[in-house]
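Enquirer: Protein chains in written order, with our numbering: chain A, 1 to 115; chain B, 1001 to 1115.
Keep in mind that the hints are not guaranteed to be accurate.
Stated by the list, open to error - Simulated pairs of lysine-lysine, DSBU-like, Cα-Cα distance not exceeding 30 Å:
1. A:K52 to B:K1057
2. B:K1057 to B:K1014
3. A:K68 to B:K1057
In short, the hints are calculated from the structure, not lab data.
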Amino acid sequence: GDSVTQMEGPVTLSEEAFLTINCTYTATGYPSLFWYVQYPGEGLQLLLKATKADDKGSNKGFEATYRKETTSFHLEKGSVQVSDSAVYFCALTAPYNTNAGKSTFGDGTTLTVKP
Amino acid sequence: DTGVSQNPRHKITKRGQNVTFRCDPISEHNRLYWYRQTLGQGPEFLTYFQNEAQLEKSRLLSDRFSAERPKGSFSTLEIQRTEQGDSAMYLCASSLGLAGRETQYFGPGTRLLVL
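Based on the provided sequences and hints, a complete structural model is requested.
Expert: This is the structure we're talking about:
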C-alpha cells in the first residue's frame, strides 16, 4: 500500500536558520504530494502541493520539489521564524479509482523555532 | 467563514456510550472525508463520500462506526459503544475536482476522550 516516511523530530532551530524536513513516499502510479501544517489546537492547513514530477510547490517562503526518481518531497525554508513553530505533515493522494482522493500521511515533524 | 466546520470541538464520554459528530463541508464541495488522528501520529483515512454515496471505508472503521451524508451536504460520524481506544481527534475534510489532484480542506477536528 501507499506510505509516507518523514524525518523524525522534534526539530529545534534558531530564528533565521535554514530548515529541511525530509519526506519520502511509496505509491503506485503518480500521486499528488502535499505538505500540511498544524498549529496547536487547530486543524491541518495546506502549506503547498505538487501534482506531477519536477513540479515545485511554494508558499510563505516554504518550497518542496516533487522528485520522482528519488520518490521524495523534502520541505525547505531559507530562514525560519518563531511563528513557523508547528507540526508539519507530508502526505500523498493517489488518483486511482478505488482509492480516489484519500490521503496517506506521514507521522509529522514537530518544529520549534527559538528566538 | 466558509471553511469546513465540525461540531462539537471536544467530547468527553464514558466507555460504552454512543457519540455523534457532525461535519459541514465547504458548500460546493462534492467529496467529504473522515480521518482519525491519534497523538503523535498523522491522520489515518476512515471513509469518504462522493455526494451522498459512501465510496470507501477503511478497515480501521469497525462495525461500531457508521458515517452518513444523507443529502450530499453535511455528514455525521457515529461511534457506538465507545471504547478507550477510540480516543482521538476526528478530522473532516472536503474537496472539489478531479479525484487525487484536488486540495482537501480540513476542519478543526473533534477531540474525543473516552473515560
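Enquirer: Broken hints, numbered, in rising order?
Expert: Violated hints: none at all, because every hint is consistent with the structure.
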